[in-house]
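Please take these sequences and the hints and turn them into a complete structure.
The opening residue of the sequence shown carries number 42 in my numbering; numbering runs sequentially from there.
In short, the hints are calculated from the structure, not lab data.
For clarity, every value in this text was computed on a predicted model and none was experimentally measured.
C-beta: ideal position from N, C-alpha, C; glycine also.
Cβ-Cβ distance ranges computed for the label pairs, FRET-style:
hint	residue 1	residue 2	range
1	S147	D309	33 to 39 Å
2	T310	E402	29 to 35 Å
3	K409	E79	29 to 35 Å
4	P410	V236	33 to 39 Å
5	D119	P64	45 to 51 Å
6	D80	D378	42 to 48 Å
7	V175	K242	19 to 25 Å
8	Y398	A235	29 to 35 Å
9	K253	I157	27 to 33 Å
10	S90	F198	35 to 41 Å
11	K129	G212	21 to 27 Å
12	F198	I157	32 to 38 Å
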Amino acid sequence: MKNYLFFLLCLLLFSCEKKEENPFIGNWSNVDSINDNEDNFGLNILNDSILEYQFGFYEYVPTKMKTLGFLRDTLDRDIEALRFLGTKTKYKVNDSVFSFWDLTDSIWNTYHIKKINQDTLNLIDKNKKVYSLVKNKNTYNDTTQYDAIVVDRALGFGCCGINSTYISRGGKMYFKGLGNNTNEKDFTTKLDKAVTNQIFKNFDKINIFEMKDSYGRSVTDSQNNTITFIKNGKIVKSIEDYARKAPIDFYSAYNELSYLFQKATHYDTVTFIFDNRVHFPSLENKTFKHPLYNSELFLLDLELRKGKITTTSFEPKYTLNFSYYNQGFLFHKIETDGRYYTFYYNDNTTKTIDIGYNFIENNPILTKPRRN
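In structure tokens:
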């Protein structure tokens, strides 16, 4: 009996011992220490075997790109677009070596562990480059600040996808393909609830109102990305990120959203008013010029789709201008008072669309000096 009680006591003590915590688990990044010559680097280590490589993994896919030229001729070019493979992968730690499986190249990316504690993880890659990572202890989470997001990705050197994506918390999605995408169709679809929730979960843990309006590195030919947040139809925040300078968690969130079109299996094709790429759009009159982000312009594009053609006359307050990079447009000029938009077509005809409310007055952020 004594032996039995002793056994039970030992079993109880053993089961109450605190399991040794894995010091690698956590969200690590170098975002506060990078300079213009460095890329963001982030590892969100979820458990003892799985992590998220926040830059993501990709594979090249042969496809055709349709480009609208100055004469609106269609040119099918053989290109390679990127298919997003996600961010999650397996990892392992052996002695002083940290490795994770690269889904792109099917190899182990290996690093020497220089330092590891509760707050710091220093890794050295095969080229002797040091990654000084800091654990992100952010516990922020807010699901009430916005109900829709727009991401626009512009042209960059290489095969970066050029596109615009809108998503609402209800799962409504619009996609406009503008080049270097695995699917160039413009479409709308209703997303699965789980997919929608995951996309917004990525953003909800970031306090966007504490972020700057613009991030950028002093490099050329990189991709410019703009992200706009909407609440009850009103723009509450827009952020520009050139060359992936923004915090890695934010980049990872909008990057995944921009590739969401690749998961859409059932959709309805649509036609947008701006059926080609708009470069450097701005609201202008004789006294000022207000640049617009392309993510903001895509929101206007969606409102114009819902508008009605009218013969109502109005007093124009702004000209919606765009740059010399544009090619293939059917129109050359747009005048507006915020509610009515008159398009001047190249065949000397016009068309006025009434969107039912003043888009510019409803979004005062558009006419404030907020680019820095």
